[in-house]
Every structure is written in C-alpha cells, then in structure tokens.
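Make a model of the complete structure from these sequences and hints.
Residue numbers (the working numbering), protein chains in the order written: chain A, 1 to 293; chain B, 1 to 293; chain C, 1 to 317; chain D, 1 to 317.
Read the hints as simulated data drawn from the structure, not as lab findings.
Do not take every clue at face value.
[Claimed, not checked] No farther apart than 20 angstroms at their CA atoms in a straight line, the calculated lysine to aspartate or glutamate pairs in the EDC-like style are these:
| # | chain 1 | residue 1 | chain 2 | residue 2 |
| --- | --- | --- | --- | --- |
| 1 | B | K8 | C | E33 |
| 2 | B | K86 | C | D206 |
| 3 | A | K8 | D | E33 |
| 4 | B | K86 | A | E53 |
| 5 | D | K120 | D | E110 |
| 6 | A | K86 | D | D206 |
| 7 | A | K83 | C | E293 |
[Unchecked claim] The following label-pair restraints were derived from C-beta to C-beta distances:
| # | chain 1 | residue 1 | chain 2 | residue 2 | range |
| --- | --- | --- | --- | --- | --- |
| 8 | A | T96 | D | T14 | 40 to 48 angstroms |
| 9 | D | H84 | A | D263 | 21 to 29 angstroms |
| 10 | D | E95 | B | H91 | 45 to 53 angstroms |
| 11 | A | I159 | D | D6 | 55 to 63 angstroms |
| 12 | D | A215 | A | A265 | 18 to 26 angstroms |
Even for Gly, the Cβ is constructed at its ideal location relative to N, Cα and C.
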Amino acid sequence: MSRQPRPKPKQVAAEILALEPAGAYHRLVLDAGDAAGLVSPGHFAALAIGGRESSMLLRRAFSIHRADPAARTIELIFAEHGKGTKALAAHRPGDTVDLIAPLGNPFPLPDGPVDAVLVAGGYGSAPMFGLAEQILDRGGRVGFVLGAGSEDKLFGVEIARAMTPYVAVVTDDGSYGGKGRVTDPLPGMIRELGATEVHSCGPMPMLKAVTEIATAHGARSHTAVEEAMACGIGICMTCVLPVEGEDGVTRFLRSCTSGPVFDGARVRWDDAGTLPSDLEGADAMNPHRETAR
Amino acid sequence: MSRQPRPKPKQVAAEILALEPAGAYHRLVLDAGDAAGLVSPGHFAALAIGGRESSMLLRRAFSIHRADPAARTIELIFAEHGKGTKALAAHRPGDTVDLIAPLGNPFPLPDGPVDAVLVAGGYGSAPMFGLAEQILDRGGRVGFVLGAGSEDKLFGVEIARAMTPYVAVVTDDGSYGGKGRVTDPLPGMIRELGATEVHSCGPMPMLKAVTEIATAHGARSHTAVEEAMACGIGICMTCVLPVEGEDGVTRFLRSCTSGPVFDGARVRWDDAGTLPSDLEGADAMNPHRETAR
Amino acid sequence: MSKNIDMSAPLGATVTLPNPISTASGCAGYGRELHRFVPLDALGTITTKTIMPYVRSGRATPRMAETPSGMLNSIGLQGSGIDHFVEHELPWLAERGARVLVSIAGERTEEFAEAAARLKGQPGVVGIEANISCPNVANRGLVFACDASSSYETIRAVRAAADPAQPVYAKLTPDVTSIVDIAAACTEAGADGLSMINTLLGLVIDTETLRPHLAGTTGGLSGPAIRPVAVRCVYQVHAAMRAGAVRRVPILGMGGITSGRDALEFVLAGASGVALGTVLFNDPSAPLRVLRELESALAERDFTSLQQAIGRAHTSN
Amino acid sequence: MSKNIDMSAPLGATVTLPNPISTASGCAGYGRELHRFVPLDALGTITTKTIMPYVRSGRATPRMAETPSGMLNSIGLQGSGIDHFVEHELPWLAERGARVLVSIAGERTEEFAEAAARLKGQPGVVGIEANISCPNVANRGLVFACDASSSYETIRAVRAAADPAQPVYAKLTPDVTSIVDIAAACTEAGADGLSMINTLLGLVIDTETLRPHLAGTTGGLSGPAIRPVAVRCVYQVHAAMRAGAVRRVPILGMGGITSGRDALEFVLAGASGVALGTVLFNDPSAPLRVLRELESALAERDFTSLQQAIGRAHTSN
Ligand SMILES: Cc1cc2nc3c(=O)[nH]c(=O)nc-3n(C[C@H](O)[C@H](O)[C@H](O)COP(=O)(O)OP(=O)(O)OC[C@H]3O[C@@H](n4cnc5c(N)ncnc54)[C@H](O)[C@@H]3O)c2cc1C
Ligand SMILES: Cc1cc2nc3c(=O)[nH]c(=O)nc-3n(C[C@H](O)[C@H](O)[C@H](O)COP(=O)(O)OP(=O)(O)OC[C@H]3O[C@@H](n4cnc5c(N)ncnc54)[C@H](O)[C@@H]3O)c2cc1C
Ligand SMILES: Cc1cc2nc3c(=O)[nH]c(=O)nc-3n(C[C@H](O)[C@H](O)[C@H](O)COP(=O)(O)O)c2cc1C
Ligand SMILES: Cc1cc2nc3c(=O)[nH]c(=O)nc-3n(C[C@H](O)[C@H](O)[C@H](O)COP(=O)(O)O)c2cc1C
Ligand code: FES
Ligand code: FES
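As structure tokens, then:
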C-alpha cells in the first residue's frame, strides 16, 4: 500500500466549460490546464469564487470527481450549502473561477491487487469512481456502499453499477434502495468481498462508524474527511483534526495537507471540535497554569 | 419656468434587457416597470451593483438617457470609471440590478416656447435629447454644443443633428468637429438662437464656465452636477455642494435631492470641496473657538 | 407581522416598542426621504441624524469613500440645530406616527444637556440617544466615549436634563481598549440603554492624489465589514451585565446589519433592538425586509417572542 | 523587478531588504507550503507564524468564520516551539535564501526574551517580530499591547535578549484607545520597527447553533474589511513620528492588502514594508503579483524609488 506522489499544485484561472444539474447537486467541468494531469483519486481542488469585488475571500474545497489529462479538464460534483456554493451554482459556462489543484493526500493505492469496499454518503461518492477504476486496473475487486438522505442526493449509482456487480444502495427515507444507513450493508459487503481495505468519504459520524466496522473486520479504513477550510493549501491552520501519530502522541493535524485521507483508526473522531487534554501542547492552552511549560 | 413635479421613486429589481457598446461608453436598457412612466429629463437613476455577496455597497448614479413608459424601460449611457461601473459593464442581458428611479430635480421646463442651448461634455449629453424634445414640443428652438476629449467620447451627435440644425461639436484633440472646448462655440450659439436658457451637464469646471458665459449673455444657466453619491436618495449627506439660497446665505445642499440640476448662478463653484467661512454653520466646525455658538 | 411571534422590544423600563427595528443615526436623515420607501410608523423607532444645539455646516467634500464591504464617512454632523428640528422636523414625524429616538450631541457636556432639555415633553419623541462618540472640546478634543469619566459626566447631565419619561441611550464607540468600562460608566451615570456601535476610525488614501481621500482626513468605518466587531462589543457588554459588572439595560445593536440573519446575530449576542445604517444606502427598503426576515428566523428556530432570543448565545442550551 | 524603480526597503538601521513585501505572521506558516507558489527568496522577508518557547496545541475547531470581505480566526498560536523551529524549519528556510522575520511570543515577558535569545546568530534570521498582541498572564490576561507599560517592558526585554544585529519589531493591536501611546512606549523601549496591525477582536454567532461560531468564542478579524483601520493606524503613528512624539523607526504595514494599489496606500501612509496576510488564503501567488503591481504603481506616479513614496500622504505636494 503506497501513498501517491505529492504533485506540486497549480493555480489556474479556470474557465467553466459546463455546469449542469446532477440530481440534487451540480456537475462542474473546468478547463484546468496542466493540473488535470496531476490528479489521483482523493485529491481535492480549492476554488476562489466571485472575483476581485466579491466579499468572499476564502477558498472552497471540493473532491475531484474526474480529471481528464487529455482534455485538460477537472470535474467536480457540488452541493449548494452556503453563500459560496450558491454563488458558484449561479455561474455560467464561460465564467472563470480561480482553481488550485491537485491538493491533499489521495487515497493510498495498492501496489498489486486488493479487494476494497468504497463507502460514500451523498456527494462523497464523487472521488470514488476514479479510485475504483484504479483498484480494478490493478486486478482487485471493488464493492460500493452508497447512501444518502433521499434518492436525489445519491450520486453515481449507475456509474458504480457499470463497474462492479457489488453495489449496495441505501437512503434514510427509503426513496431508493434499502431504507437505512451505509453501515447496514457494509459488514456484509466486506465479508462478501473479503475486503482488506475500506475507503470512505462522507460526514464525520459516518467515517467514524465505517472505521469501527472496518477495524472489527480486520480491514484498513481510509477516510476522506471534510473539515472547514479557509485556504486548502496548508497555511491557515484552520482545518485541524486530532490524529494520533505513530509515536502514540495525538496532535492537531491539518486535514488539507496531512489529509483529507487519513487512516481512520488514527483519527480521534469523538474528540473532533474539542481540545483533548492529552493533545500535545494542550497544557500550554491553559493561561492560568502556574508553571509556564 | 416651472419645476417638474417630484414623483415618488420606485425601487425595482430591474432585468438587463440590453447592454452594448456606444462609442467609449455602454448603453444599458433596463426593465424598469412603473418607474419608466415617471421620468422627466434630468432625472437620474441609482443602481446597486453586484448583488448580496458583492463587496460594493453604495449606489451608483446615472442620468436617465431615455425612458419609455410603454415598454417600461429606462436607458442609461455609462462610462467605465471605477469598480462598480467596470462590474456593471461585465453584466449580461438577463442579469438583474437593483434600480431606484426617478431621482432628483429634473431640468426646469418652460411653460411656453423658449429658445435654449444644451451644452454637454462626454456622456453628459445623455439626458439632453429628451429635454430637447420637450422644448421643441413646446414650440421652442434648441441648439446643441457637444464636446468631449476625443471622437469616441462624444455621445449622440447624430441624434442631435436629427433634431435641430444648430449643432456645434468640439473635441479636445480635434479628432471630430472643431478642436477646442464647449465654451468656444457657446457664445455664438447663444447669440444665434437668442437663447434665454442654457442647460448643461458635464464636469464641474465646464459647468462653471458655461454659467459664466450664459450669465454674461443674460441667459439662465441650469447645470446638472455630478457630485460623489453614496445613496442617491437624500439620506447620507455625502453629496453636498455650497449653494447660495434666495436669502443670500450659502448652505451645503444635497445634490441628489436639491439637485442634480441647480441654478448655475447660485452654485459656489470655486468653493466646491472646501468649507467656505461664510457658509451657514461653518463657524461651528472649528473645535477651538471659545464661544460655542 | 404575524406568524405569532411577539416582536415587542423594550426601549427602556417604561417604553416598549412594537418591534426592534430602528434606523442608525445619520443614515436616515430626519425620516422624510426614507418615508418614501418605508412607512416610518412601521419601524420600532427612527433614530435621527445627530442634532447639536446649533447650526453646523458639516465638513467639506469628499465626505465618503467606499471600502470593501463598508464605507468611510466624515459628514461632520451637518444639521440645522435642535430648535429647527423641534419646530420643522419633529411635528412632521409625529404626524406620521413615527416613534423618534432623537440623537443629540455637543462639544461640551452642557451642550448635550441643553439639547436634551429642549426635547422635554415633545410629542413623537420616545427617547434620546446621546452620541458621545464625538470630540470633547473641554478634554483636549478626546472623544467623550473614549474616556469613562467624560462619558459618566455627560450621561449624568443628559439624564438629569431630559424628560424623565424619555429613556436616555449612550452611543458608544468601539475605538477603546475596554468598551465594558465605558458601558459601566454610562449605566452607572443613569443611562437607560446603550447603542453600540458607532463607526471605527479609518482612513483611505487616494492613490491618485497621494493624499487622504476624505477632506476630513479620517472618517468613520461602517457597514458589514465591521459587523464582527459590533457583535463582539454587544456580546462583551451583555456578558458583563450577566456577570453583574454593568447594570442591566437594553442594548440597541448596530454595525453592518443587512438581513434578518444579521439582526438575529445581534439579538442572540444580547441586543434588544437593532438599527440599520449603511444598508439603507444600498437598500432603503431594508427595514421592513429585515423585520420580516428576523420574524421568520425566530419562528424557524422555535422562538415565540423576540424576548426569548435576547442574549441566547450566552446560555449553553 | 526592473522598470528602474529602486524597491529596496529598510528593515532597521542596519538591515536593508531588496523589496518591501513580507508575509503576515500566521498566514504563511513557516514557508514550506507557500514556497510551492512563490519562491521565498523573492520576498523582502517571510514572517513566520508566531512561535512560543514551548509546544502549543492551539484551540479547538471551529477556528475560523468567513465574514464580509474578511475572516475571523482563533488558531491560538499552534506550534511546536522555538527549539523545534530552529532545528527543523529555519535551516530549510535559510537554504532557500529566505530572509526570515521570526515572530515570537510568550505569556510572560521572560518567555519573549527566552525565544529571542534562542535566535541569536541564527543564519536566515533577519529580524524578530515580538507579537505583543497576546494575553499577558502576569497582568490579569490583559493583552500586552493594550497597556503601554507592559509593552515597554516586554520590548525592552526582547531588545536586550536579542542578537544586536537583528532588528526587533513590535506588533501592535488596533484594539486600543490610542495606538500612538503604545507605539511611543515600544520605540522608547528600543523597538527597531513597528508592525501594524494585528487583527481586531471580533465575534460571529452561528445562527443555527445559536452559540458563538468559534470554539474560542472571540477571534481576530482580518482581511480587506479592516484595511481602513490599518491605514489609519499607520498614518497616525507615522504622523506622530513626524511630529516627534514617537521615535522614527520603519513601519511594517498590514491589514487587508490584496493589490499593489492597497500596498501603495500603506506606503503613502508611512509604511516602509507591507505584509500580506489573509489575501494568501485567496491567492497564494499574491506576493509577486503585489510586488509587480506596486512597482508599476510607483512608476506610473513618477517615483523612482519606494523610499520617495514612504509617508508621502503627509506632505502637501
Ligand atoms: C476535502 C474536502 C472535499 C470536499 N468535497 C466536496 C464535494 O465534492 N462536493 C461538495 O459539495 N462539497 C465538498 N466539500 C464541502 C465544501 O467544501 C463546502 O460545502 C463548501 O466549502 C461550503 O462553502 P459555502 O460557501 O457554500 O459555505 P460557507 O459556510 O459560506 O463557507 C464559508 C467558509 O467555510 C468553509 N466551509 C464551510 N463548510 C465547509 C465544509 N463542509 N468543508 C470545508 N470547508 C467548509 C468554506 O471553505 C469557506 O471558507 C468538501 C470539503 C472538503 C474539506
Ligand atoms: C446625478 C449624476 C448623474 C450621473 N450620470 C452619469 C451618466 O449618465 N453616465 C456615467 O457614466 N456616469 C454618470 N455619473 C457618474 C457615475 O455616477 C460615476 O461614474 C460612478 O458612480 C462611478 O462608480 P464606480 O464604481 O465606477 O467608481 P468608484 O470610484 O468605485 O465609486 C465609489 C463610490 O463613489 C461614488 N462615485 C464615484 N465617482 C462618482 C461620480 N463621478 N459621481 C457620483 N458618484 C461617484 C459612487 O457612486 C460610489 O458610491 C453621474 C453621477 C451623478 C451624481
Ligand atoms: C453616513 C453616515 C453618517 C453617520 N452619522 C452619524 C451621526 O450623525 N450620529 C451617530 O451617532 N452615528 C452616525 N453614524 C454611525 C451610524 O449610526 C452607525 O453607528 C454605524 O454606521 C454602524 O452601523 P452600520 O454599519 O449599519 O452603518 C453615521 C454613519 C454613516 C455611515
Ligand atoms: C489565520 C490567521 C492567523 C494569524 N496568526 C497570527 C500569529 O500567529 N501572529 C501574529 O502576530 N499575527 C497573526 N495573525 C494576524 C496577521 O499577521 C495580520 O496582522 C492580520 O491578519 C492583518 O493582516 P491581513 O488583513 O492581511 O490578514 C493571523 C491572522 C490570520 C488570518
Ligand atoms: S485549510 Fe488552510 S491549513 Fe488547511
Ligand atoms: S447621495 Fe446620499 S444624500 Fe445625496
């Protein structure tokens, strides 16, 4: 299992080639130039939206759904969430957004064939199909477990079905597939494939639950997290998560540079959004301690 | 000579119907709804540009070039000046801008026939053609003196020629018409028409010079000023000019509500941008005066 | 105005308003122009431009500069003086049913008191806002609200001179090391409410003339740009009230409010009322829109009254 | 880098930089990530994230909120401590020819001195920025730079402990009644330069959770929103230097710079150097763009050197 090489990200004024609905989401195709050739599954892109007179300064991060080096394009699947994604959805082909890509650590890929289950919630499936292709190319098998709140929030069920017979789909409201959570079909899928790797992308509670199931089944859990980001490139320190290192010490790691794909077993899921007292340097955060070291 | 009635301005989310080049300028046609029926020549419109996520909050003022009550449209002619007008120029038909119109005091119109010279610098001619029509309708004669830096910055020479044989055109660089300033042909035009009214719109130094010439020829000078505005509707107090009242006292008047058309003879042109010591209440601006009244 | 949300807002111990929306001083003149876009009686209050006892010309132009998500102004308190206001503006406002919060100022404590006294018993006046964010001539031109003892003296004088039925608000500047200290001095002196915040001192240089853009060199920064500072001031002072360090009085919050969401932020931080300033230049119809949006925002969050939401960000559930 | 404009900028009496562009502390880490977008040796200096003598975890998340034309952050000075920096980060920076302005802090005056001493004679270090805009544990947690005497003591201690060849800058907060007083105290204490400004204290309330959005409750407001405040601070302090009320030292200006035009504004107000902060999150390539734009802006205005433009807004022609 080896980490992908870390390419030097490119900053490009990227023209929008297509922007169209994809269920509850939007599919955005960007002319990304050389950046397209550097992408591995799990890499993300950071967009600055709205140009110079915009009141929004911070970058928005999106998983890269597909990258086509020949066409020099990058495709993203995004949901309207707040101001920036709403403004992005109001763009039209021909408009330009400032793109930085590829960013982050992609999913670790096997050197040889391995069997893997790919678990995704909502648009979290976007980066999974490129990953599936590469696993299949290396002679492994893949299964998909796709979940969402409702049918329109599922993305890529057909793409998954075209790739593998092992596809389980669930929705919270039962409007498509089984009614339930991705954690319901996951154990069976791991067993069916004898999977040693579970890759997941979705909300934090899902990643935690997936990791628990994977670990219980002796599989490695590779989780792509979504932590609020301001820059996407590692300079603002806003996107940290408590992650336990090889040395057993927990530190706040930037999810944009150390992640977004983390070994799920090392992330302190329950402590996200808190300051665990055993975190390295947490003692220094108490201004009233008597000894200043 | 009577002031036009002051209509209640409308605030409209106005769709852009057309946006196209007009020489060095842009011609903007807006779906203005009921506002279109309320416009008199000299009224202006104030636009909020860029929507909710824009970093630009303040309104931009533009003379109304034409208003078509039947089509419910308002036409503006605008130059790219700073951020807002550059952003406006980048809009496309179908986009929306927030419009308030009509605003300000329009040009005073004769009850019967009068002969008038209309003087304009650059896009300052935009409101003049509607005015000319109304003077002609009332049986008066009009002459135009149009000036600009260069040919591409002239607006409406052909429209003027179609309305009256009295049209003088000058450019600073001689690229069209005579080389010179509007003040060169103005005295001759006033004499030729025996004009009793001179209406002008353009930069402050031009308005001052036009007023001097008009006054010297016994004509009234109606000047449409352009002072920096934040709101356009009279609530911010940023757009003031020192103007002498009927009582001989000079006060700071808002050019958006007391103007933009002022009696040129009452504007203290040389004192614009200063705090003249004889201004009412100027004494109160000196914090170190000993008597506080 | 329904949805069954009780929008009534306290202005002082004895005055309750039908809703919390006001205009910020200097951003709606004396109401005549705004009335063409919003019926003034639909507002909780209209706060007037600050009025001095005498005529003031205001500063030379340029008086404003646009800045990112904000603006700088140096109007310089242009106005015709308190007598002119009482004779020519106030009756018009009262006729329209407007509830007027009259903003007053002076260059000395006595001038504040003089203006306050002139408003005694005047119909239409629901309260007085003492704009102490202006220079105190008697104290080397230091802004009253930059100094706790100047603030105390002035508010005490205004409270003493004013009609007892008219609540007196102190309008504070954020340009101080501790706004809690100034708030404490003002409430100690008898302020019935606090208006926060006035503009931040700013400066823009015109890169063409190479000189300060405003004729007055510096100006006041307002608009959404300053909202986080304003919310912080309201939050800090409300927290100090909860802790007993500042006497508990209503807070009129302002600074960059453009929407019901923004207004809610101030209410949650501790404001009982919210005033709209710079947004009016962008959207003079904002007051009714913001009122409606605030009402919906409260309803969506299962509040049944504005009162329940005031200061809610300070409680842990 | 040509157009015949001499872009050299003084960092202190003894150190001159090839150009005035720096990064603002905390907005470029220790340079490694930014180096992928801008060769660090092309900058006048790179200012590091503030370093304490010891490891600090920083605050819990959420650590940021976007605000109109700005952002709020409460990172809480996360870092591995000065020893780790000197051993693992500085050599990498020095190898790349970066000129490093090391930002240091402590919770007590002695901790500042300790960090400064550790940098003595270190290759790559061209100066020290003492971030005194942080709480002083020995003075009830009051921010050092909110108090003239704390500022004086700390800067004196840093100046005494630091390598004499390394200029010491004091980084000031705008959240004070008079920034000129603090500037005077710092230069009096031996500061070789002043960095202005740090963030403004702000707060955003999450209208969904009804609680402050940041885990740290309040945070620092940065970005173009605060630029007019920053320019005002630089202008006021430079004016005080011209008037002899503050000792004349170079000013490193920052707060909302996004373009050469913005940088020029700071220079005209009195800054000798300009640092880019929040803009880097939007555009990590900004430093070279701003440098080029500043150069062109100077050329268009017939300056032949940066030096000529410094403080130019204070002269009447
Ligand atoms: C590695 C990564 C991959 C992602 N992939 C996708 C994807 O493929 N499709 C998709 O729809 N969304 C994706 N997201 C989430 C997406 O970044 C947010 O929905 C988006 O930033 C929200 O921006 P906004 O302007 O709508 O919201 P606002 O709340 O206005 O954003 C304000 C600021 O907060 C940050 N922010 C807010 N929410 C998030 C969030 N959930 N994650 C990160 N930053 C946030 C924004 O970047 C911005 O800086 C991803 C996030 C990360 C970190
Ligand atoms: C009554 C009136 C009629 C006008 N008619 C026209 C017209 O028909 N065509 C045209 O091209 N221009 C016209 N102008 C000028 C036009 O308003 C400005 O060019 C425009 O506001 C500049 O905006 P900006 O965003 O490009 O510049 P910026 O400098 O970014 O504007 C910043 C702020 O300053 C104000 N401002 C800046 N310059 C001016 C100015 N010259 N006048 C008023 N406000 C200004 C803006 O309204 C805005 O609030 C008119 C101005 C007035 C007052
Ligand atoms: C053009 C303008 C004029 C102002 N005049 C006054 C004034 O006369 N008295 C006063 O107390 N505040 C004045 N203010 C400050 C506002 O009342 C308000 O406190 C501040 O602008 C913050 O609110 P905002 O961001 O909503 O504008 C003025 C603000 C602006 C923009
Ligand atoms: C995310 C972030 C982290 C910061 N960390 C520090 C810091 O560690 N030390 C410091 O002195 N200033 C810090 N600052 C303040 C900046 O150095 C700068 O003074 C301020 O952001 C204003 O500049 P800007 O508007 O260009 O960002 C930080 C600012 C931001 C946005
Ligand atoms: S998003 Fe800025 S460091 Fe990760
Ligand atoms: S532009 Fe606001 S008062 Fe005239």
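Each hint, compared with the structure:
1. K8/B / E33/C: Between K8/B and E33/C the Cα gap is close to 10 angstroms, so the pair holds against 20 angstroms.
2. K86/B / D206/C: holds (19 angstroms)
3. K8/A / E33/D: With a Cα-Cα distance of about 10 angstroms, the restraint between K8/A and E33/D holds, given a limit of 20 angstroms.
4. K86/B / E53/A: The given pair, whose Cα atoms are some 10 angstroms apart, holds under the 20 angstroms limit.
5. K120/D / E110/D: Holds, at roughly 16 angstroms.
6. K86/A / D206/D: holds (19 angstroms)
7. K83/A / E293/C: Judged against 20 angstroms, a Cα distance of about 17 angstroms means the pair holds.
8. T96/A / T14/D: 40 to 48 angstroms: At roughly 46 angstroms between Cβ atoms, T14/D and T96/A fall inside 40 to 48 angstroms, so the hint holds.
9. H84/D / D263/A: 21 to 29 angstroms: holds (24 angstroms)
10. E95/D / H91/B: 45 to 53 angstroms: holds (50 angstroms)
11. I159/A / D6/D: 55 to 63 angstroms: Given range 55 to 63 angstroms: holds, Cβ gap about 59 angstroms.
12. A215/D / A265/A: 18 to 26 angstroms: The hinted range 18 to 26 angstroms holds for A215/D and A265/A, with Cβ atoms some 25 angstroms apart.
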